[in-house]
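Trainee: Sequence:
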Amino acid sequence: MKPLIGITATLQEVDYDKQQVNCHFLPAFYTDAVSQAGGAPVLIPSGEEATVNYYLDGLSGILFNCEAESPVQDNFKMFLLRRALQRDLPILTICGGTLLLNLALGGTLLQDIKEQSGKQIKHWPETANDEPVHNVKIKEGKLKLILGKETIEVNSFHHQAIHKLGKGLVALACSPDGIIEAVESELHSWVLGVQWHPELMFKHSAEQQSIFKAFINSCKLRMNNKR
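701 is the number that the working numbering gives to position 212 of the sequence shown; each next residue is one higher, with no gaps.
By construction, these hints were calculated from the structure, which means they are not laboratory data.
The model shown is predicted, which means the values in this text are computed figures rather than measured ones.
Errors might be hidden in some of the hints.
Stated by the list, open to error - As a list, the in silico DSSO-like pairs of lysine-lysine whose alpha-carbon atoms are at most 30 Å apart:
id, residue 1, residue 2
1, K638, K692
2, K653, K628
3, K628, K692
4, K638, K656
What the hints assert, rightly or not - Simulated restraints, written as ranges between beta carbons of each label pair:
id, residue 1, residue 2, range
5, D577, K633, 18 to 24 Å
6, R571, D504, 30 to 36 Å
7, P665, M490, 38 to 44 Å
8, N713, V510, 37 to 43 Å
9, D577, Y543, 17 to 23 Å
10, Q575, K626, 29 to 35 Å
11, K653, E696, 26 to 32 Å
12, H648, Q525, 37 to 43 Å
13, H513, K633, 31 to 37 Å
14, Q600, G527, 35 to 41 Å
15, Y505, V659, 30 to 36 Å
16, E537, V510, 15 to 21 Å
17, V659, N713, 26 to 32 Å
The beta-carbon is built from N, C-alpha and C at its ideal position, and this holds for glycine as well.
My request is simple: use the sequences and hints to build the entire structure.
Mentor: So this is what it looks like as structure tokens:
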């Protein structure tokens, strides 16, 4: 039996049948990576906070993605994330999802890396989205156990970054200019956040595949323990 993995979706107005309609969408990169790692992905639409417990009752883990949102959607995701943390669900966050995780635990952000820190690495380069653009140094912790390496090459698409770490979060990886690129929570069983996009490099990178496989394995343990 496969664990059910919730993935946050984006609500966006699009052209449909000659009119503007709101649609929930989710890039297939996320669902493909979860499926190939052994999970059963389901979309979590932004909605009423009252629905959150119903989602969490049926899920074995949640992936928070990076898609840009409106304030209403951001509030829903924040509520969902905090409730998932309270339940100690396995959580994987990617890019903006990792920034949300840091905020949920009381951390702060650099709103613009270049302007506020003067860092020289281009964290939003003009390259194909599945190509590595800089390396990250892996510190001791969950990510190093997963990857078995001290340095890996990653892609990058962010202008914001973690500044002050939230409660219980520890940095697991940094770019050469000192920007935090991965975190884990010491207060939860399995919470991992990465600033890059492993879903975009999944098909040709065993390292990125291992991140999703480790996440799904933690979700399987959660599922089996609930039986």
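Trainee: Work down the list of hints and note, for each, if the structure agrees.
Mentor: We went through each hint and held it up to the structure:
no. : hint                    : verdict
1   : K638 x K692             : holds, 19 Å
2   : K653 x K628             : holds, 18 Å
3   : K628 x K692             : holds, 25 Å
4   : K638 x K656             : holds, 26 Å
5   : D577 x K633: 18 to 24 Å : holds, 22 Å
6   : R571 x D504: 30 to 36 Å : holds, 35 Å
7   : P665 x M490: 38 to 44 Å : holds, 43 Å
8   : N713 x V510: 37 to 43 Å : holds, 41 Å
9   : D577 x Y543: 17 to 23 Å : holds, 18 Å
10  : Q575 x K626: 29 to 35 Å : holds, 32 Å
11  : K653 x E696: 26 to 32 Å : holds, 28 Å
12  : H648 x Q525: 37 to 43 Å : violated, 30 Å
13  : H513 x K633: 31 to 37 Å : holds, 36 Å
14  : Q600 x G527: 35 to 41 Å : holds, 37 Å
15  : Y505 x V659: 30 to 36 Å : violated, 44 Å
16  : E537 x V510: 15 to 21 Å : holds, 20 Å
17  : V659 x N713: 26 to 32 Å : holds, 27 Å
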